[in-house]
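Protein chains: 2
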Amino acid sequence: MKDVKKYIEANKDRFLEELFSLIRIPSISSESEHKGDMIRCAERWKELLLEAGADNAELMATKGNPAVYGYKNIDPAKPTVLVYGHYDVMPVAPLDEWNTEPFEPVVKDGYIWARGADDDKGQSFMQAKAFEMMVRTGQLPCNVKFLLEGEEEIGSVNLFDFLAEHKEMLQADIILVCDTSMIAQDTPSITSGLRGLGYWEVEVKGANRDLHSGIYGGAVANPINVLCKMIADLHDENGHITIPGFYDDVLVISDEERALMAQAPFDEERYKKDLDIKQVHGEKGYSTNERTGIRPCLDVCGIWGGYTGEGSKTVLPSVAHAKISTRLVANQDYDKINQLFINYFEKAAPDYVTVKVTPCHGAAPYVSPLEIAGYKAAEQAMTTTFGKRPIPTRSGGSIGIVTGFERILGIKSILMGFGLGSDAIHAPNENYPLFNFFTGIETIPYFYENFVRLMEEK
Amino acid sequence: MKDVKKYIEANKDRFLEELFSLIRIPSISSESEHKGDMIRCAERWKELLLEAGADNAELMATKGNPAVYGYKNIDPAKPTVLVYGHYDVMPVAPLDEWNTEPFEPVVKDGYIWARGADDDKGQSFMQAKAFEMMVRTGQLPCNVKFLLEGEEEIGSVNLFDFLAEHKEMLQADIILVCDTSMIAQDTPSITSGLRGLGYWEVEVKGANRDLHSGIYGGAVANPINVLCKMIADLHDENGHITIPGFYDDVLVISDEERALMAQAPFDEERYKKDLDIKQVHGEKGYSTNERTGIRPCLDVCGIWGGYTGEGSKTVLPSVAHAKISTRLVANQDYDKINQLFINYFEKAAPDYVTVKVTPCHGAAPYVSPLEIAGYKAAEQAMTTTFGKRPIPTRSGGSIGIVTGFERILGIKSILMGFGLGSDAIHAPNENYPLFNFFTGIETIPYFYENFVRLMEEK
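If you read the sequences in order, they're chains A and B.
Just so it is clear: in the first sequence, position 200 is 199 by numbering that gives the first Met the number 0, and no numbers are missing.
Just so it is clear: in the second sequence, position 102 is 101 by numbering that gives the first Met the number 0, and no numbers are missing.
Hints in this document: simulated from the structure, not taken from any laboratory.
Do not rely on the hints blindly, as some may be mistaken.
Treat identical chains as interchangeable: a pair holds within one or across any two.
Unchecked claim - Here are the simulated DSS-like pairs of lysine-lysine, each with C-alpha atoms no more than 30 Å apart in a straight line:
id, residue 1, residue 2
1, K335, K228
2, K11, K1
3, K346, K277
4, K62, K411
5, K271, K204
6, K228, K355
7, K335, K204
8, K355, K271
9, K204, K272
10, K355, K11
11, K411, K71
12, K277, K204
13, K5, K283
14, K346, K272
15, K228, K283
16, K228, K204
17, K346, K228
18, K283, K204
19, K277, K166
20, K204, K355
21, K277, K355
22, K277, K11
23, K1, K411
24, K272, K355
25, K228, K277
Just so we're clear, the structure is a prediction, and the values are computed from it rather than from any experiment.
Just chain A, same shape as in the assembly (with noise of 0.2 Å):
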């Protein structure tokens, strides 16, 4: 690849200008009033697609939010790439913790500030841009194809029928993910494992109507409190989830390989500094490495109930809410845990309240090999550009689709991120460092260059 920085410099304001027509449109899949967005910003990526060098670009549909589909064929004999990403984002409550408008990108201190800046707008946007410099130097070695789906962070609902439906479409050696995060700036890892999701709807139920908590207080259940105490009892003294069964089928990870994964730099203090924090917290026994790599884990989301507003109402709620997610790690099949959780729920529930649990959504945990020609090829172009050699990592994040992949398509997934841990993803005040970004466009075309000459020493 000849150059690759000399390109990106001399396009780095239209790079921006372009990336922020993509994150100008709230496109947050999990709230229905956004059905149009969805649309508006699928049509940008078509446009963006094409403009970049594409063959041809469509939106396609799914069940729910259409996919963006293009592609790029230089030679049948030439191996292809399936870039994957996805255009929809999280929702941006609570709004006043917000330095920003959260759709209204602003760069500053050699960040991009705003919802989708990294999570994924950012991070597949240079896949664009990659693609383009390689198009218009001519030095593209490879066929490529784009799949670009509106529902990732709503549990990619749709898109495993539409694998299932375009199987022959989407065909190709590899598919390249940068929807993740490295350890540092000046520490490139690529993630070799992904954490799998469950995710819950709990209500607990007690009297037909909010009560006066004075004159029924102490003789009628309080589901608040019959909430809160039914998710204690989920986590024993050790931080250990006390759903029957819940560990059954998790990897166990030989002392070896924990020895192996404790050399990742790790700084305690620094990661406690920036969170705020005067104590990490998990289970007994494990690193927070290990906790987030390859241990299961269970959170409340979200959790509301009674009265929430200004001042003391004293009221004994009829009604409590929770969400609660968990990460799944290598074995754990979701569908199994699904079912375990909605036992659980079921069973401690007491006769005085009722208990409803409604699945939202479930991913599978995936584990990509480092041997395959797919790995190498990123591992190479991070050395490249970073100057130093990439960890692999296990993240405790999940990409449902990955896995579905896998098992629809028979593609592995190489997921190569660009993000930082303190890029705020899903939380106020998102961003994205310029440098990340432009590094990741450069790196990019390293990978494409690595994996034909791999694919082609076989």
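Using the hints, position chain B against chain A.
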């Protein structure tokens, strides 16, 4: 007293219209946007007192919402009754559970439906109309003072100082309060005891920002999970409150008195059916009436944290909140309980979160003797209009200022309320039966007549 029923019958429609003019003013004391409505409501009360026959009525400043004070003097040698009520109401959320507009009163099926229909606009207005009847028919047997406050639902925070500042002005022989409930329409009762109240807001803070639940989940404390555990630990498996020292001062009721109380009619099946619950639930070893009458309790009135919108946002939140109240019984001291509560949350807080407790308001419990003239006057009045001797009961609710009246003014209060447990006060679809409203107006003049006679017999 003569022609009470006839007077009411002739003025029924006007009484309702006047009451509705009070109800239509959304005087929610806990929401600052209603500051102007508080003044409007106080002004309307002033007009109504003057129209009903008061010598004078005026708004008087407190450090918060104004009090309305009015009086009619007929003879300094005669006893004086001080009427207490409140013109503020509870918030109306959740609005979508109301069948009618909360501040547009509707009469349907023999009930008035509106916020404040019972608590306390409907009940305090009965006192104004009973007063009017006695004045206009020339039967008022004593001096009368009216005190209506605008902060009862937020703990009468400024009325205690007001009492101390206006001790002389407020001197009286008895205070009559209509702000409580009877056992049933065919089972009159008088509240001889009230529980006290403590109310706190608890904030649990983890990391300094909302985190991605995959990347950090399992390694950083989740403030919702921690708050749930702290709340769950507030009760043991027998429903006892675990805060050290909490029960130390609780008045132990003798077995004889418990046996007497147990004679009050209570239909548990009907109670459960009304609330649509399979089981009642509370402290082991006590009946439902004991649980709300003679035992303290602790309830979460509201809880919130993390993502509570539509869909499934995976987030490890930064902060969680709860509003927690306790009801206190005879001999428990709010200031002591307040300190125990704060200590408990500070001590129970693990070092991976920070916990802040904000006391919102407190009120002492109250017990009134059955032998005094005021209680007997009320008992005889209800016997006249209901045809049955009322039962003395202990209410689970709290009217903080009633202990203030005793402590600061040295005057006992008679809690002759005409509400029902089914009136849904503090909840959506508050209502008040027309039967109770008109029978209340009919009963109050007999109270005056009996009280003056009993005082003069002394």
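Here is how each hint holds up against the structure:
1. K335 <-> K228: both (24 Å within a copy, 26 Å between copies)
2. K11 <-> K1: Cα proximity of K11 and K1: one copy only (17 Å, versus 94 Å across).
3. K346 <-> K277: between (36 Å within a copy, 16 Å between copies)
4. K62 <-> K411: Within one copy only: 25 Å inside a chain, 70 Å across chains, cut-off 30 Å.
5. K271 <-> K204: between (38 Å within a copy, 14 Å between copies)
6. K228 <-> K355: both (16 Å within a copy, 21 Å between copies)
7. K335 <-> K204: So K335 and K204 pass the 30 Å test inside one copy only (26 Å; across, 33 Å).
8. K355 <-> K271: Only across copies: K355 and K271 sit 20 Å apart there, 37 Å inside one copy, limit 30 Å.
9. K204 <-> K272: For K204 and K272, the Cα distance is within 30 Å only across copies (15 Å; inside one copy 40 Å).
10. K355 <-> K11: Close neither inside one copy (52 Å) nor across copies (47 Å); limit 30 Å.
11. K411 <-> K71: within (21 Å within a copy, 89 Å between copies)
12. K277 <-> K204: between (36 Å within a copy, 11 Å between copies)
13. K5 <-> K283: Neither. Shortest intra-copy (50 Å) and inter-copy (77 Å) distances fail the 30 Å Cα cut-off.
14. K346 <-> K272: between (41 Å within a copy, 24 Å between copies)
15. K228 <-> K283: The answer is both: 21 Å in one copy and 17 Å across copies each meet 30 Å.
16. K228 <-> K204: both (14 Å within a copy, 19 Å between copies)
17. K346 <-> K228: both (13 Å within a copy, 19 Å between copies)
18. K283 <-> K204: between (34 Å within a copy, 22 Å between copies)
19. K277 <-> K166: Cα proximity of K277 and K166: none, with 50 Å in one copy and 52 Å across.
20. K204 <-> K355: Classified as both: same-chain Cα gap 8 Å, cross-chain 28 Å, threshold 30 Å.
21. K277 <-> K355: Intra 36 Å, inter 16 Å, cutoff 30 Å: inter-copy only.
22. K277 <-> K11: neither (41 Å within a copy, 66 Å between copies)
23. K1 <-> K411: within (28 Å within a copy, 94 Å between copies)
24. K272 <-> K355: between (39 Å within a copy, 21 Å between copies)
25. K228 <-> K277: both (26 Å within a copy, 19 Å between copies)
Violated hints, listed in ascending order, are 10, 13, 19, 22; each of the other numbered hints is respected by the structure.
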